[in-house]
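Residue numbers (the numbering used here), protein chains in the order written: chain A, 1 to 347; chain B, 348 to 1138.
Just so you know, not all the hints are guaranteed correct.
[Said to hold, decoys possible] To be clear about the criterion: a stretch of chain A counts as covered by chain B if any three or more of its residues have a C-beta under 8 Å from a C-beta of chain B, and this derived list gives those stretches:
1) 9-18
2) 78-88
3) 175-181
4) 206-218
5) 309-320
Treat the hints as calculated values from the structure; they're not laboratory data.
Think of the CB as a built atom: it goes at the ideal place given N, C-alpha and C, for glycine as much as any other residue.
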Amino acid sequence: MFVARSIAADHKDLIHDVSYDFHGRRMATCSSDQSVKVWDKSENGEWHCTASWKTHSGSVWRVTWAHPEFGQVLASCSFDRTAAVWEEIVGESNDKQRGLSHWIKRTTLVDSRTSVTDVKFAPKHMGLMLTTCSADGVVRIYEAPDVMNLSQWSLQHEISCKLSCSCISWNPSSSRAHPAMFAVGSDDSNVTYGGKVQIYEYNENTRKYAKAETLMTVTDAVHDIAFAPNLGRSFHVLAIATKDVRIFKLVPMRKESTSTGPTKFEVQIVAQFDNHNSQVWRVSWNITSTLLASSGDDGCVRLWKANYMDNWKCTGILKGDGSPLTGSSVRTDNLQCLTLTGTAAAH
Amino acid sequence: MEKMSRVTTALSSSAVSGRTMFCHLDAPANAISVCRDATQVVVAGRNIFKIYALEEEQFVEKLNLRVGRKPSLNFSCADVMWHQMEENLLATAATNGAVVTWNLGKPSRNKQDQLFTEHKRTVNKVCFHPTEVYMLLSGSQDGFMKCFDLRKKESVSTFSGQSESVRDVQFSMKDYFTFAASFENGNVQLWDIRRPDRYERMFTAHTGPVFCCDWHPDDRGWLATGGRDKMVKVWDMTTNRAKEIYCVQTIASVARVKWRPERKFHLATCSMMVDHNIYVWDVRRPFIPFATFEEHKDVTTGIVWRHQHDPHFLLSGSKDSTLYQHMFRDATRPVDKANPEGLCFGLFGDLAFAAKESLISSDANRKPYPGGDRRYPIFFFKKPDPTEQFAHVSSALSVFETDLDSNRMDWFVKTAQLYLLSGKPFAELCDHNAKVAQELKRPQVSTTWTMLRIMFSDPANLTTPGPNHNLSKLGTLPLMNSFSMKEMGSVMGTESRLDRSKGESRQDNILLEPGNPHISNNNEENEETEGSEGQAEYMFGDAELDDDDLYSMEHDNQTEEQEYTLPQEAFQLRHEIMDNPSAPEHLQQDKADSPHVSGNEAEVTCLTPIESFSLISISQPLFSPHLPASFFCPIVREMLSYYAEQGDVQMAVSVLIVLGDRIRKEIDDLTQEHWYMSYIDLLQRFELWNVSNEVIKLSTCSAITCLNQASTTLHINCSNCKRPMSNKGWICDRCHQCASVCAVCHHVVKGLFVWCQGCSHGGHLEHIMNWLKSSAHCPAGCGHLYVTRLW
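The task is simple: from the sequences and hints, build the whole structure.
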């Protein structure tokens, strides 16, 4: 069972993103009120806001943590067409702001001409790299050549996806057998354009990112996209939040040593759930990628889990305010998984 | 005034008509203005001065006011205003400092009426009095504002702001004598038209230039100002001091601001650089635009609402040489694309969830889904006018935590800490790890370890139990054989039937092996068992239930060994008692998870512990001495892949390390490396640094072991003189003192030395830890404040 712990966030407008750090002890939230807040978990499990500052001059869409190897570093992106990198400075706090840490802006990335809709650090093994995507359909990959100097970022790649981008996700696999790869989702609502999820892969020979796959079956606006933690798998699992929740499996096909093109994938859709009855806004994987959480316009979080036959099932529904879900809004086929027991804990 | 009200009624009868449309201009526009009845619009710029008629479907050019072969600079307009009462009267502000009025009623081609050349520099703004026909006001770069009576040749009064350039002047809509002026130094002044000697009031509205201001059309006290500081502020001017009541932060400097008609809290803005869009804001929700018009390709220079009582149409001119009519219905609504929820899984299985409060509040105030048809696409559903819903939005943040008992990742941390990966004989490692898995209630993993031990143990190490006793149960042997294979099958879960049949064929190989009388004896029976494969499979497919017995049996074998001690047995028994009743529980869970298995529940339960007990105790000595360990490698390889693909890379790596050379060459290096990397990454996430280090050390992949060899050098400063130490020894080159003196006990530290990177002081790990329990400052007395979280 889950216990809901409500936190007085005190953001003055919508919260658009929540993000845990690498070790799960810190949390960052960002909001339309142009601020980012950092929360630290105390010994007794309470969350305390240790920093809150104005980051942008527009809605802050996303906030994300860098690997702690690079320090306590956050990146944020905003409607104001910029992305920013922040670093925490500890030890200079005076008495007035006791318990509050300082976050210093290390850089502002101003290349986009439209709202920057997502920002993600690349997997650690690729170095300190940051990716942004923007509403005009451009994905930008920046690199900090000197990891000690967070104020210097060079724009390495600029990839045009043609469609307005809403979200981006890196394939976290660190295997040398898997070239660097990311997926971009588009929130373009014109269903006739098709293929709202594109997958790009790095090509060692051309030193460029090239499109490896377009998921043509995803035709509706995509709001969130998440690769599952890889953990030694030979294939990749991708969760997509669109008008429903979808889980795709990308199995790399064996490559002839001579071919230099992008990897071909066998794309399988392993699950598709419309239980939210409406737009799905977020998907998130647990650390072992055995559990997927999704949240939609119905205000609920739903948990999905595969059994050993790779059949995905709903294993729990959480109401946003922690209250148990009552009958009216639940369809009968969900009744069996109303409560969070057994299966999830059996692991 | 009568005229105006008549126009209003005329408009309301025709309601909303027209569409989003545009036309190309010959040159960039600087300003636009619309005539009172919203039928015509004038566009003015450096090289353009034209009147367009607003028709239903398009703009139609009516008149070009820019006449003459070489037009004078008087035609180069910075601003234009159409008189709101006299429909033939226009005024322009010229870049050369001239204020020009135009009379469209003139019969000649040149409509120029009056020319005032009193300003020394560019005139930024002209403004007609809203009710007084002949009164015109101008504001100029030279810092002066002038009021003209159009019946006279010269200005009637001059207002000196006593500060910098005037950027905007606006007559109050309600106070006959009042006008506001904004300045480049950030000030806003309020003037009485009758008192040119000094302003009524002045306040600093913005940091940097105030480019524009606009009086609220209905609320007499409200003035909106926009500045280079990217802000729009709404001031209540009715109080003694101007009070800021709203502040909107935009993303670029604000060039124009215009209140939206009939919508008390809405205003439109555009920027003079970078940003080409026009935003309509609800000042009550100052963070996110209510609507956006994104048509222009260059800076928008002029915006005006088409009619002073019509909130649906906005006209705009731009540097991209286009004139647009925007229809509010076609505006993009950023808030529709704005994500109302945030969701993130934490490391420990906790979920952080933030959602718009209206989404998660009780169903009472929620719209039911249209028609109850879940397939109805929500985005086609026409939302009710969102105007009312826009203000006061907030999100609720909560963290869902798993109960401590079922904390999902505890098993991972405990397993990582308790597993033994090296330092003992193989069999003991397996036993230990099986026990660890057992205690953490992971029967499948436990069974796997036990089987690995069975498969790979060196036969010589195993003591053979009394053969007579076991042989008496020969009849069950084939079943036993198939058991081990099926068991593997179940461990591998979804492996295809093909694999299973492979397993069968391997089994045949076993049978064909010479010198195994027991097995060949039972050849027939074995085939019989194969015939009833399904049954056997289900029987053992759920073998997790019986592994308690399997496990205890293992220990039973050990009873023959020398090291056997009584407490162990006691422990053993407690296990059986404790675990057996829990078996049905497992069963229930599995049932929920996988109906395939539950169908054969009866068969599973019919296998009593005693039976399986005997089965297994026989099996071990029987086949292991005759099967080379390499025989199992393919199956173990598949099993490891299975674990990895189920998200349990821990098992894959642990087995890989424990089995070592027995399995290593079976798995390609890339995969191994991938597993190691994944597992190490996980361990580091959970801050299990010691385990991570052990894994790195024990790995045989060169790419992994080198992780431990990179950056092993620490550069430190001398605790005495604070200068960098050379790389030889602990004696500082410069001050010839020992750098590793403990700041607490003042002895030289040998062994673990911990120091602060900030002040270079440090000492024995224990001493420093004790010290920091009572004090946050450096023990050396240097005053450096330690932040305990770092330690």
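Right, here's what the structure says about each hint:
{"no.": "1", "hint": "9-18", "result": "holds (count 9)"}
{"no.": "2", "hint": "78-88", "result": "holds (count 3)"}
{"no.": "3", "hint": "175-181", "result": "holds (count 3)"}
{"no.": "4", "hint": "206-218", "result": "violated (count 0)"}
{"no.": "5", "hint": "309-320", "result": "holds (count 5)"}
In the structure shown, a violation is registered for the earlier hint numbered 4 alone.
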